[in-house]
Amino acid sequence: MSDDITRRDALTASAGFTAMLGLGFWTEAAAADSAGTVLVTGASRGIGLEFVKQYAAKGYTVIATARDPAKAADLQALSKANPNIRLERLDVLDHASIDALAAKLKGTPIDILVNNAGIGGGGANQIFGKINYAVFDDVMKTNVEGPLKISEAFIEHVAASKQKKIMMVSSSQGSVASVRSPSLYFYRASKSALNMVTVNMALAVKDRGVIVGMVAPGATDTDFMVEVRGRIPLGKPEERTAGMIAQIDAFTMEKTGKFYEWNGEQIPW
Amino acid sequence: MSEQATRNSTTRRTVLQGAAALALASGPGTASAADSPGTVLITGASRGIGLEFAKRYAEDGWQVIATARDPKKAEALQALAKAHKNLRLETLDVTDIKAIDALAAKLKDVPIDVLLNNAGISGGAEKQKIGSIDYSVFDDVMHTNVLGPIKMAEAFTPHVAASKQKKIVSISSTEGSLTLISPRPDVNSIFYRASKSALNMSMINMAKALKDKGIIVTMQSPGLVSTDFVGSLRLPIMITPQQSVAMTMPIIARLTMEDTGKYYRHTGEVAPW
Ligand SMILES: NC(=O)c1ccc[n+]([C@@H]2O[C@H](COP(=O)([O-])OP(=O)(O)OC[C@H]3O[C@@H](n4cnc5c(N)ncnc54)[C@H](OP(=O)(O)O)[C@@H]3O)[C@@H](O)[C@H]2O)c1
Ligand SMILES: NC(=O)c1ccc[n+]([C@@H]2O[C@H](COP(=O)([O-])OP(=O)(O)OC[C@H]3O[C@@H](n4cnc5c(N)ncnc54)[C@H](OP(=O)(O)O)[C@@H]3O)[C@@H](O)[C@H]2O)c1
Chain A
1 MSDDITRRDA LTASAGFTAM LGLGFWTEAA AADSAGTVLV TGASRGIGLE
51 FVKQYAAKGY TVIATARDPA KAADLQALSK ANPNIRLERL DVLDHASIDA
101 LAAKLKGTPI DILVNNAGIG GGGANQIFGK INYAVFDDVM KTNVEGPLKI
151 SEAFIEHVAA SKQKKIMMVS SSQGSVASVR SPSLYFYRAS KSALNMVTVN
201 MALAVKDRGV IVGMVAPGAT DTDFMVEVRG RIPLGKPEER TAGMIAQIDA
251 FTMEKTGKFY EWNGEQIPW
Chain B
270 MSEQATRNST TRRTVLQGAA ALALASGPGT ASAADSPGTV LITGASRGIG
320 LEFAKRYAED GWQVIATARD PKKAEALQAL AKAHKNLRLE TLDVTDIKAI
370 DALAAKLKDV PIDVLLNNAG ISGGAEKQKI GSIDYSVFDD VMHTNVLGPI
420 KMAEAFTPHV AASKQKKIVS ISSTEGSLTL ISPRPDVNSI FYRASKSALN
470 MSMINMAKAL KDKGIIVTMQ SPGLVSTDFV GSLRLPIMIT PQQSVAMTMP
520 IIARLTMEDT GKYYRHTGEV APW
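These protein sequence lines map, in sequence, to chains A and B.
The first sequence begins at 1 in this note's numbering and counts up one residue at a time.
The second sequence begins at 270 in this note's numbering and counts up one residue at a time.
Any given hint might turn out to be false.
[What the hints assert, rightly or not] As a list, the in silico SDA-like pairs of lysine to any residue whose alpha-carbon atoms are at most 25 Å apart: (1) 396/B / 94/A; (2) 258/A / 457/B; (3) 141/A / 390/B; (4) 480/B / 183/A; (5) 531/B / 267/A; (6) 398/B / 409/B; (7) 398/B / 497/B.
What the hints contain is simulated information worked out from the structure, not anything from laboratory work.
Build out the structure end to end from the sequences listed, making use of the hints.
Here it is in structure tokens:
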């Protein structure tokens, strides 16, 4: 983390230096080029890590958050190689830490808030007849309460930005209309609930010009899918995340409150 | 917490109410064995819609297992139990998994024709305003409205499977319908809405899981009903618990396996997801 701060300070200093040199034209062009700032939750692994990699490569400043950044070796390596990536500790279950990070980042506009952190709860815990109710709270709090709290806490940062987007990584498993066979009771319910939360959030912040939407990766080869790896076709995280980023790019106020698969298909409720 | 489409369809509602009344009048003739009295277990029977269900089923000659968190304090329910020998009281908090298992064990060998997951809470609209959300009510809302009904269905599946009618009905709300909510301008009770979407998803899952056992799983939206639930709110589109239950019972009576996984309004229309 101390590495980080030094780098950040260096960046701020160099921006100030550029301004001092009176390179107004140049910095303006750079600002227009600099795609903006993205905050990603659950950036330690899987799709979250891929969001960080791809947004950074596109020239965004990325605030990559994780429960335990020190243990996230891939994320550490990525941030060492890319000065646009800043690491922050954030557990989406910990409301005090969410508020603290929002306060720490006060005055930093966030163009795209990506609520990616999520858990499945384990397939074996959610089989009819032997449902393990002990995982209910973790699933609901991580997948529903967390994204809502984070969106609420960072609304000023997003509203102060250019793009003004709050995006939820949901799942087609949350589509009630698409259920074919029983599984993942809590996970599915959590994503349906997340969709309802998102729709309401979209309505609530519309007049502030903030766009709120849902994207989904489809079945993707991350740790999330260890239980089914080899049994169902899984997409590559690189491809699926690129698809979701394209959908996020294409989100306009006309689409606020809507739900898109990585390939652009609209997912039914 | 207004129930969207009813707002501008008073006429349609009146017509449908007529139709429901007609269905009621023609009763057993049309619905045959499916609605002959059986056993119903109702959660949250102390007040409001649950109490009215208990009363109407008891009057119709059903064996009613009326459950409540604290039956001793539920005076109206006590009175009902005194008036009807076919109504028995049981203590049940639907957020208490052990208590659900204990009641299921106590009622072992009692076939339950209709399991009515009615208990539900809103969590208080004033606590769910975006910008000042009180997250301390999140768990209560999710436990009561989602975890409780899932656990009830799971624990009482043997009882329902052993019955004649084999129905699990959960009282949801059109407030849980993403299709109806998304075009609306009002944001209200975000946890409550999310809990009912989650309930719908859970019951769809349940419908798929229980189809092989011949169990019909559906959701019912009761309309906007003048109970404690809506506080002092009174709107012209509101109906009484008596009206809501009178319209809902014939719908439950007519359910067949064709209906499993459906989400009905009190009017008999299918609600969109
Ligand atoms: N993979 C798929 O097929 C698929 C399909 C549809 C939707 N999704 C959704 O995509 C999102 C990302 O999934 P993934 O495939 O990348 O899963 P993953 O590889 O299991 O990664 C999950 C990420 O969420 C983080 N996380 C979990 N709980 C957290 C908490 N309380 N606070 C902060 N971070 C937390 C994890 O951090 P730690 O490293 O600290 O555990 C990890 O970074 C999830 O919302 C998931 O529901 C995935
Ligand atoms: N009224 C409406 O306009 C409306 C509209 C749509 C859907 N609904 C749904 O209809 C259902 C019944 O609502 P209502 O209008 O009759 O509400 P109500 O008058 O507030 O009654 C709620 C009932 O649920 C019980 N309950 C709450 N938490 C419980 C728990 N943990 N365990 C057991 N019972 C519990 C209450 O028992 P106590 O007496 O112990 O508190 C009470 O009997 C709810 O699921 C609600 O979401 C109502």
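Hints, verified against the model:
no.: 1; hint: 396/B / 94/A; verdict: holds (19 Å)
no.: 2; hint: 258/A / 457/B; verdict: holds (19 Å)
no.: 3; hint: 141/A / 390/B; verdict: holds (18 Å)
no.: 4; hint: 480/B / 183/A; verdict: holds (14 Å)
no.: 5; hint: 531/B / 267/A; verdict: holds (19 Å)
no.: 6; hint: 398/B / 409/B; verdict: holds (17 Å)
no.: 7; hint: 398/B / 497/B; verdict: holds (20 Å)
When each numbered hint is compared with the structure, no violation occurs for any of them.
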